[in-house]
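**Q** Residue numbers (the numbering used here), protein chains in the order written: chain F, 1 to 114; chain C, 115 to 456.
There may be inaccurate statements among the hints.
To be verified - To give a feel for the contact side, a few chain C residues facing chain F, derived at Cβ under 8 Å:
id, residue
1, Lys149
2, Asp361
3, Leu363
4, Lys369
Hints listed in this document are in silico derivations from the structure and should not be mistaken for laboratory results.
We put the beta carbon where it would ideally sit given N, CA and C, even for glycine.
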Amino acid sequence: MEKFGFTLTKARVIDYDRNDHSIVDFIMEREPSFKACIECGCCSATCTTGNFTGFSLREINVLLKRGENDQVRKKIKKCMLCGKCSLVCPRGVNTRNVVFVAKQAFQKFDNYAV
Amino acid sequence: MTGSVVVVGGGTAGMEAAGQLAKAGLSVTLIEKEKYLGGHLREWHHLFPDRRPGDEVLSYLKNQIIHNNIRLLTGEGVEGFQKRGNDFIINTRSGDVVKADAVLLTTGFDLFRSERKEEYGYGIYDNVITSSDLEEMFHSGEIMMKNGEKPEKIGIVHCVGSRDEKVGNLYCSKLCCVTAVKQAIELKEALNKCKVFCFYMDMRMGGALYEELYREAQEKYGITFIRGKVSEVGVNFSKRLVIKAEDTLAGRPLKMELDLLVLMAGMEMSAEGLKLAEAGKLEIGENRFFAASDNHFGSNKSNLKGLFYAGTCTAPMNITETISHARSAVSDIINYMNSDRK
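Please build the complete structure, drawing on both the sequences and the hints.
**A** Structure follows, in structure tokens:
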């Protein structure tokens, strides 16, 4: 059949109810300080990786909470686990461990090593 | 000390001020348009930030006004007033005339009518309620949807009728953020299984212990805060509410189904206050509340000598601030009687 190049555009909307929240639940349980995050962006501002690439821990935190796991899976690989972010967090979130546990969660739930 | 003061409005500010004026020796006439004293305080089940029962503060205020110097006129409105020389003549709605040396207006606020934000569906969809409706539910102990079932997924919209040019209110009502946090916690306590989502533009947690309550809501109660104002509410085929917002921190639109949506209605200058402003040529500010004669040291004074303001007829305030403001009005009135008036 002739292909005309027309495609369906996937909606950009976060469909909260359809998204999978098992990853974030796993993190909240193992690193409860994550609940206190107010998305201020201190972590992202101090992050060495974030200063050279598009990586933002603040963004990852939001995406995790909304269940946008596909995006996080790719992005989180960039973190070097240096832990500078935990030094600056005003809410005392153990941000380094959030990333660490998130990586475990991806491995556990969809066998996706990150 | 001798002299007479008319206090218009028997809410928190009016009751506190009447009590303090009476203790100072002045004779006070306290006029309240409703049958009962207490104003909006009567609508609150629990107060923030410590979730003290509203009734506790109400009974403190009721004790304050048990004094021989206080004459109560409930179920009585004020039609208007004139100033003749140094005297005020106050005309009540039932035709009485009260003379006084000074007047204190404590006419309070009106709750923003949420049906004006039509896109939120208040009065259109059954399960869209206001913060005030929810307080009533807490009072009755029955938090339920229209069909009698318990809601499992609840949304809270901040800034309904505040910081919104479309309804002509540019100001922040200041109490709604902390009310949202308090109510979210209470919903979580009442309905253990439910999930609560707060949609905010900014979290304004400026009062004493507010930030601590916010943190508790996140850490202990697991309430989700999403930065982005709900833009519209609809229902799907199964009649469940569907909201649209932008998750501004994710930079993407978001949709979500909800069982119950609570609108944090803001505060507006009361209709009663506006009438008095017009009748007495009292200056009002851009936000329509009474304009203070000076922002720093005249917050209880009006543009008319001998006429004072206290409480939420000047700006949104919480109970603590309202009581303090009433007391500072009393201090201004005493100074006026002692020196300025002579």
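**Q** Of all the hints given earlier, name the ones this structure violates by number, lowest first.
**A** 1
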